[in-house]
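Asker: Residues per chain are reported as follows:
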Amino acid sequence: MENKILKFFFLRKEKGNTYSNLITLDRYLVHVEKDMSCLGLSLREKIRDMIDQNLLSENNEQKYSITPKGLEYLEQHSEE
Amino acid sequence: MIQKSFQSLENLKDLDLGDYLPVGFKNAIEYLLSLVSQVNNFVELTIEIFSDLAEEHFKLSNAFICGLINGLIELFEFIFQIISFLIGLDGLVSVGYDDLIKKRYQLEIVENVLNFLFKEVPLLLNVFLDLAKNIKDLNFQELENIFELFKEIFQGSSGKLDNISRYQWAYYSGSIIFEIIVGIVLALLTGGLGNAGKAAGTISQKGSKFLKILGEEFISAITFGASDLLSIFSSLTKAFAKACKNGFRGFIEWIRSLLKRNDKHLDEVLELEEVVIETHKPLKSYNPAEVKHFIKDVNFHNHYGLYDLQVIRLRAKLLNFTLVELQDFVKTGSLMKIKKSSLVKEMEFFAKQKKNKFALQKPKSIKGRHSQRDFDLNNCGGEILNLDWKNIEIFEEGFSIVKSHLERFESVEANRKMIKRLEDIIYGKIKPTDWDKRFYTHEIREYRRYKNLGIEDGVEADYDIWNHTHSSTLEDYKIYELDENRNSILYHPDIKPEDFDY
Numbered sequence: 001m002e003n004k005i006l007k008f009f010f011l012r013k014e015k016g017n018t019y020s021n022l023i024t025l026d027r028y029l030v031h032v033e034k035d036m037s038c039l040g041l042s043l044r045e046k047i048r049d050m051i052d053q054n055l056l057s058e059n060n061e062q063k064y065s066i067t068p069k070g071l072e073y074l075e076q077h078s079e080e
Numbered sequence: 001m002i003q004k005s006f007q008s009l010e011n012l013k014d015l016d017l018g019d020y021l022p023v024g025f026k027n028a029i030e031y032l033l034s035l036v037s038q039v040n041n042f043v044e045l046t047i048e049i050f051s052d053l054a055e056e057h058f059k060l061s062n063a064f065i066c067g068l069i070n071g072l073i074e075l076f077e078f079i080f081q082i083i084s085f086l087i088g089l090d091g092l093v094s095v096g097y098d099d100l101i102k103k104r105y106q107l108e109i110v111e112n113v114l115n116f117l118f119k120e121v122p123l124l125l126n127v128f129l130d131l132a133k134n135i136k137d138l139n140f141q142e143l144e145n146i147f148e149l150f151k152e153i154f155q156g157s158s159g160k161l162d163n164i165s166r167y168q169w170a171y172y173s174g175s176i177i178f179e180i181i182v183g184i185v186l187a188l189l190t191g192g193l194g195n196a197g198k199a200a201g202t203i204s205q206k207g208s209k210f211l212k213i214l215g216e217e218f219i220s221a222i223t224f225g226a227s228d229l230l231s232i233f234s235s236l237t238k239a240f241a242k243a244c245k246n247g248f249r250g251f252i253e254w255i256r257s258l259l260k261r262n263d264k265h266l267d268e269v270l271e272l273e274e275v276v277i278e279t280h281k282p283l284k285s286y287n288p289a290e291v292k293h294f295i296k297d298v299n300f301h302n303h304y305g306l307y308d309l310q311v312i313r314l315r316a317k318l319l320n321f322t323l324v325e326l327q328d329f330v331k332t333g334s335l336m337k338i339k340k341s342s343l344v345k346e347m348e349f350f351a352k353q354k355k356n357k358f359a360l361q362k363p364k365s366i367k368g369r370h371s372q373r374d375f376d377l378n379n380c381g382g383e384i385l386n387l388d389w390k391n392i393e394i395f396e397e398g399f400s401i402v403k404s405h406l407e408r409f410e411s412v413e414a415n416r417k418m419i420k421r422l423e424d425i426i427y428g429k430i431k432p433t434d435w436d437k438r439f440y441t442h443e444i445r446e447y448r449r450y451k452n453l454g455i456e457d458g459v460e461a462d463y464d465i466w467n468h469t470h471s472s473t474l475e476d477y478k479i480y481e482l483d484e485n486r487n488s489i490l491y492h493p494d495i496k497p498e499d500f501d502y
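First to last, the protein sequences are chains A and B.
Heads up: the first sequence at position 19 corresponds to 19 in the working numbering, and the numbers run straight through without jumps.
Heads up: the second sequence at position 255 corresponds to 255 in the working numbering, and the numbers run straight through without jumps.
All clues given are correct.
Facing chain B, from chain A, some residues (calculated, C-beta under 10 Å):
{"hint": "1", "residue": "Ser20"}
{"hint": "2", "residue": "Asp26"}
{"hint": "3", "residue": "Val32"}
{"hint": "4", "residue": "Gln62"}
{"hint": "5", "residue": "Lys63"}
In the SDA-like style, the derived pairs of lysine to any residue whose C-alpha atoms are separated by at most 20 Å in a straight line are:
{"hint": "6", "chain 1": "A", "residue 1": "Lys34", "chain 2": "B", "residue 2": "Gln372"}
{"hint": "7", "chain 1": "A", "residue 1": "Lys46", "chain 2": "B", "residue 2": "Asp462"}
{"hint": "8", "chain 1": "A", "residue 1": "Lys34", "chain 2": "B", "residue 2": "Asp494"}
{"hint": "9", "chain 1": "A", "residue 1": "Lys4", "chain 2": "B", "residue 2": "Lys496"}
{"hint": "10", "chain 1": "A", "residue 1": "Lys13", "chain 2": "B", "residue 2": "Phe409"}
Since the hints were derived computationally from the structure, they do not count as laboratory data.
We put the beta carbon where it would ideally sit given N, CA and C, even for glycine.
Using the sequences provided together with the hints, build the complete structure.
Answerer: Next up, the structure:
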């Protein structure tokens, strides 16, 4: 799941949208990744964990972006 | 001359008020016709009263009354300019039908402002008439004293008003009250800076000079909006009417007290009270026929029969709903074909929420039976209903709700494309598919849930709120977001993965 989330933020960043909210991420997971295993309260929980691990950062508008550590993590785990 | 100007407005009677005109415009024209007749009556009565006056007294009194009427008209112009400024209606007259649809909310405000102002006019005309009746008692020396004060304020040391005739000062003395009203409104509106005055023409330029006199101690901390403007206007006209009950003496004393401030706080001087504009009035202030008319208009699918509407209306009255709240329920209820019993239950839920100032309830997390999503059942904007998306039609009004609701979220190409599809369906370019119907009903129901949580249009709530309302809406329609081939059930197959803006 971390990979899918980081991939979303990475692709967004590539398109020039550094920060994104969780509603857009939720739609991506459902309609693009077709993965409904971690949505709603669980997704919120997962994002908190990823912030604690410094894979994601949050701005003051409750929007999130991938950190350099997140990019590194994605590179290392992209084959999984 | 005034009567002649207003008489020309009587031609409005000959205007064909066909069905194509929006109700708001028809009402405005009817109000204008009633205003014309009231002003004509006022002028006729004034002429009768003045006929007994000696020539000099007649001329001065005439100038004074002309000042009153013109001041009133300029004040209305000023109010409309400020309202237009506040709600962003600039350039409305040159827009097309589509833009008018988009500006519907603003137009409703304008309609309500018109209704409000037209109700104030008879009060003011009665005050003028009382003054006219007492014109024989008018002490011109006292009026002259007021005018001296007026000159001091307006011209400072420039001396521009020194060489004007007695008739001119009588005219200015009539319009002075409106100058003061404008000055006070501007002081409140601009926080003392007078910037908004630039948009308001001659009267406000004069009025803005009052800012210097009114000073910073009068500047209220209120966040100024259209209803605040009307509130102040209403308070001023009521205070003006009250003062004029004592004839010219009262009129002059009140103006003097305003100009001198008497070290009172503005609220005390104006006796400010809460004034609620028409759309926010409780239902009990309307007659049943009016309410029936308003809710019939939003019963799009004729989903509710006359008896249903009667039950809904009476319950809304009991719950102390405003007209807008009731209309909203009937509108979304009819678009989604919600049963009367469920609608009434939800109205009761909404009233309870409103009473609690939409405070969050103790959470109750569940996994949706159909959606398979985790969400908070106690904070999702109402109970889960048994709704059907299949037997609905896509209406322009529903489309507007969908569009307005989606505007609160981060813009995503997939939503834009679905909006375009709904628009094409309304214009008959394409036939509605199951995806369109599911998307349309889902967004309207989600919008209703946002409303039930007290979240106004355009306000983007956080992910949790969206998840609770989104998931519970999926439950309402018994939807899992992916079909057996893992394709989206809400977004049309034409919507590509890249449209989700990753």
